[in-house]
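Protein sequences appear in the order of chains A and B.
One point on numbering: in our numbering, the residue at position 43 of the first sequence is 43, and numbering is uninterrupted.
Just add 1000 to wherever you are in the second sequence, counting from 1, and you've got our numbering.
Since the hints were derived computationally from the structure, they do not count as laboratory data.
Some hints could be false.
To be verified - Output of the computed footprint for chain A on chain B, the stretches with three or more beta carbons under 8 Å from beta carbons of chain A:
#, stretch
1, 1027 to 1041
2, 1044 to 1055
3, 1107 to 1114
Glycine included, each C-beta is placed from N, C-alpha and C at the ideal position.
Residues per chain are reported as follows:
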Amino acid sequence: SQQGEEDPQALSIQEGENATMNCSYKTSINNLQWYRQNSGRGLVHLILIRSNEREKHSGRLRVTLDTSKKSSSLLITASRAADTASYFCATGSLLAGGTSYGKLTFGQGTILTVHP
Amino acid sequence: DVKVTQSSRYLVKRTGEKVFLECVQDMDHENMFWYRQDPGLGLRLIYFSYDVKMKEKGDIPEGYSVSREKKERFSLILESASTNQTSMYLCASYYPGVGNQPQHFGDGTRLSIL
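For reference, chain A alone in the conformation it holds in the complex:
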């Protein structure tokens, strides 16, 4: 089942602009993660935010999490052409018994195009 819903499905911006992608989910989570996928390649982990955290930064990336609204956003500041990729949110939840096995549920992704 696809828990994460991402918005927008596609985003086209100019180099230097900021890019914001949103993710909504339905059930309780333990953590939320963002991944990037360059065309035809595997996913690369960008950032993880725990359910008790509200904001996290990593370089030009800023992630927020609002568990009351069951939503997260990924902001990429001062975008570059090399940021062109698909971006996926993924939620991790604890299963009955308190374990998760690291299982993630992925959204459908946002395709970001940054024009030089």
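Put chain B on the given structure of chain A with help from the hints.
Okay, now just chain B, sitting in the frame of chain A:
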């Protein structure tokens, strides 16, 4: 850095063939996953394994099986390939030992069933 290696980047097979997709990780991770990725559908979990010889069905296991005989290797098997199994297949590994951790992905296998 964790390295997850999928044996083929591109693979073309015929309907009815038995197809093996191989995945190897070099970091002694307990857990491994197989996903398929289709346009507009994101990543969907086929099977995962949390230990040698242990496996669990994911969201779309029909038509697939898996094998985990050694900790570093996780194989996805298409018992009798069909055209609707044409897709991008992604393998990932995960270390469950220390709090919240990310999954580490291979580069994927683009499988075409003719």
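Taking the earlier hints as the rules, which of them does this structure contradict?
Checked against the structure, no hint fails, so every one of them is satisfied.
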